[in-house]
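Protein chains in written order, with our numbering: chain H, 433 to 733; chain F, 433 to 733.
Derived by calculation from the structure, the hints in this document are not laboratory data.
A few of these clues could be false.
Which copy is meant is left open, because identical chains are indistinguishable; a pair holds if it fits in one copy or across any two.
Taking lysine-lysine and the DSS-like style, the derived pairs with C-alpha atoms no more than 30 angstroms apart in a straight line are [what the hints assert, rightly or not]:
hint : residue 1 : residue 2
1    : Lys627    : Lys608
2    : Lys562    : Lys612
3    : Lys604    : Lys455
4    : Lys612    : Lys654
5    : Lys555    : Lys583
6    : Lys583    : Lys654
7    : Lys455    : Lys654
8    : Lys530    : Lys654
9    : Lys524    : Lys627
2 protein chains.
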Amino acid sequence: MNTVLYRDSQVRIMESTVTNAEKHFGQFCSLLAAYTRKTAGLRDAADRLVLQLLDFASTEGPEMRATLRDFAEDLAKVQDYRQAQVERLEVKVVNPLKLYGAQIKQTRAEIKKFKRVRNNEIKQLEKLEKLRQKSPWDRQTISQVETSVQKASGDTGRTTHQLEETVDAFQKQKLKDLQKMLSDFVTVELVFHAKAVEVYSSAFQTLEDCDLERDLEDFRAKMRGVYGRYDARLLTDTTPSTAVPWSLPGQSAQSAIRSQRKEEEASEDDSAEEDPEDPEEGPRGWGRRSTSRTRAPQSEH
Amino acid sequence: MNTVLYRDSQVRIMESTVTNAEKHFGQFCSLLAAYTRKTAGLRDAADRLVLQLLDFASTEGPEMRATLRDFAEDLAKVQDYRQAQVERLEVKVVNPLKLYGAQIKQTRAEIKKFKRVRNNEIKQLEKLEKLRQKSPWDRQTISQVETSVQKASGDTGRTTHQLEETVDAFQKQKLKDLQKMLSDFVTVELVFHAKAVEVYSSAFQTLEDCDLERDLEDFRAKMRGVYGRYDARLLTDTTPSTAVPWSLPGQSAQSAIRSQRKEEEASEDDSAEEDPEDPEEGPRGWGRRSTSRTRAPQSEH
Numbered sequence: 433m434n435t436v437l438y439r440d441s442q443v444r445i446m447e448s449t450v451t452n453a454e455k456h457f458g459q460f461c462s463l464l465a466a467y468t469r470k471t472a473g474l475r476d477a478a479d480r481l482v483l484q485l486l487d488f489a490s491t492e493g494p495e496m497r498a499t500l501r502d503f504a505e506d507l508a509k510v511q512d513y514r515q516a517q518v519e520r521l522e523v524k525v526v527n528p529l530k531l532y533g534a535q536i537k538q539t540r541a542e543i544k545k546f547k548r549v550r551n552n553e554i555k556q557l558e559k560l561e562k563l564r565q566k567s568p569w570d571r572q573t574i575s576q577v578e579t580s581v582q583k584a585s586g587d588t589g590r591t592t593h594q595l596e597e598t599v600d601a602f603q604k605q606k607l608k609d610l611q612k613m614l615s616d617f618v619t620v621e622l623v624f625h626a627k628a629v630e631v632y633s634s635a636f637q638t639l640e641d642c643d644l645e646r647d648l649e650d651f652r653a654k655m656r657g658v659y660g661r662y663d664a665r666l667l668t669d670t671t672p673s674t675a676v677p678w679s680l681p682g683q684s685a686q687s688a689i690r691s692q693r694k695e696e697e698a699s700e701d702d703s704a705e706e707d708p709e710d711p712e713e714g715p716r717g718w719g720r721r722s723t724s725r726t727r728a729p730q731s732e733h
Numbered sequence: 433m434n435t436v437l438y439r440d441s442q443v444r445i446m447e448s449t450v451t452n453a454e455k456h457f458g459q460f461c462s463l464l465a466a467y468t469r470k471t472a473g474l475r476d477a478a479d480r481l482v483l484q485l486l487d488f489a490s491t492e493g494p495e496m497r498a499t500l501r502d503f504a505e506d507l508a509k510v511q512d513y514r515q516a517q518v519e520r521l522e523v524k525v526v527n528p529l530k531l532y533g534a535q536i537k538q539t540r541a542e543i544k545k546f547k548r549v550r551n552n553e554i555k556q557l558e559k560l561e562k563l564r565q566k567s568p569w570d571r572q573t574i575s576q577v578e579t580s581v582q583k584a585s586g587d588t589g590r591t592t593h594q595l596e597e598t599v600d601a602f603q604k605q606k607l608k609d610l611q612k613m614l615s616d617f618v619t620v621e622l623v624f625h626a627k628a629v630e631v632y633s634s635a636f637q638t639l640e641d642c643d644l645e646r647d648l649e650d651f652r653a654k655m656r657g658v659y660g661r662y663d664a665r666l667l668t669d670t671t672p673s674t675a676v677p678w679s680l681p682g683q684s685a686q687s688a689i690r691s692q693r694k695e696e697e698a699s700e701d702d703s704a705e706e707d708p709e710d711p712e713e714g715p716r717g718w719g720r721r722s723t724s725r726t727r728a729p730q731s732e733h
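The shape of chain H in the complex, shown without the other chains (with noise of 0.2 angstroms):
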């Protein structure tokens, strides 16, 4: 055992430990940004749930309408905080990680400097073991290496020591940073599923107070009274009255009657259409890579 072993030795250590961060924090660096990016996905997967659900809104009846709107705009708030929550991992996050390959860059640097120092230490130290082999009575030379390895020694002293206090800061900042960013990552988190919980909530009373009896009665009205006020009992009595609608004139209903069949066959030729589209496929600016929005946020909140 001796000191150039030692330092050897603790060089190792510390090495391990700047090469132990800058993998983990890499792959956290990653990780966290894939985290993201899928949060940022789910937003907008919900955002296009967003858009449909008032598009069907305009097709229903009032209650129905005004529910699936109140619904929508809800579902739409919790993607603001869903949002928020993407820049905020963004900004306290993912950002710090990316930024910590500067610290270690830093720290790597120290370290070749004290290799280069030591380097140096050892090659004195060979150059005096050779020529005591070689010329054990040259105590001149001898003695000027001695002084060269004294001098090479006394660096490889001091550097070693700023290399310990370098790695010491580092260790202490990596810690309080990892700790750091766990708790960011938990309160961000935090903070978009206690505002879920509370806009949910509200959704869940707007969907409870639907009356869809009212509806009913709207689609009822509708569907019996298309032309004025007819009698629903009419379509069900089966003996025809006395005035039977196709005692008309003869071109009149025949023309009548063409003109329902072609429209007949136009409202299939639409039905045809109606496939819904592949969300997946979406705009190709909902690339799933992306974390921009394409949805507008709600004015205030």
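Dock chain F against chain H, hints included.
Positioned in the frame of chain H, the structure of chain F alone reads:
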């Protein structure tokens, strides 16, 4: 205005009700399935983070190790709740929407039946019209065709009545199902977010309780005490002691230096392999469209 036109308008309202429901429920199904898949993707991203935290934990001091493990466990717990959320969304929201197709098919069949019956009525009407124009004297044939028309009209009336009832039931069921689907969606989300708040609150406390100073002391001791209890001051001493370590017999010192250099080169080779792998690439089984799980859930909670 006549009964034929009235019925035609009525059936068009019914058709558009069914077509509209088919279109919007189909889109809902796709969008909610996408939302569920995105949720599953987020769960997978977080699961990878859990594994990384556990991997990192094993390289840290006792305090941070325990903290990282506890934190990873909490994060995993949230993903278990997210997994339950994914399963519930599939069972309670997406699957019922998928089954909706069958209900729509049945109502479409009723409408088709009505159209067939009504076309027969129209055909009889046309026949009667033609007969009246061409052979107005043929009272007997006219009377026969009039009977057929009456019968066809009766069929149409009955079918219209049935159709009315079917569409009424369809609309009622649609509104009820829509309300239930949205309520189920909100309930599933509420449960998940509430659980997440609970788990993350505990995770926050764990992080607060972590005593970094203890780990730092450990790290310092490790750095300084690699080979037994070396005095740290030795390293900062710039004057070599009289018993200089390099005054060891020639060969053994030289071979020690050589072996050190070899180890150094080897450790430099190691560090080249430490680029963090891209977690987005991941194992093939973790495709983003799959909602299947790669990590086994926590035992019980």
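Against the structure, the hints come out as follows:
no., hint, verdict
1, Lys627 with Lys608, "both (28 angstroms within a copy, 28 angstroms between copies)"
2, Lys562 with Lys612, "neither (54 angstroms within a copy, 90 angstroms between copies)"
3, Lys604 with Lys455, "within (17 angstroms within a copy, 59 angstroms between copies)"
4, Lys612 with Lys654, "between (62 angstroms within a copy, 24 angstroms between copies)"
5, Lys555 with Lys583, "within (12 angstroms within a copy, 116 angstroms between copies)"
6, Lys583 with Lys654, "between (102 angstroms within a copy, 28 angstroms between copies)"
7, Lys455 with Lys654, "between (68 angstroms within a copy, 21 angstroms between copies)"
8, Lys530 with Lys654, "between (62 angstroms within a copy, 28 angstroms between copies)"
9, Lys524 with Lys627, "both (19 angstroms within a copy, 24 angstroms between copies)"
Of the numbered hints stated above, the single one contradicted by the structure is hint 2.
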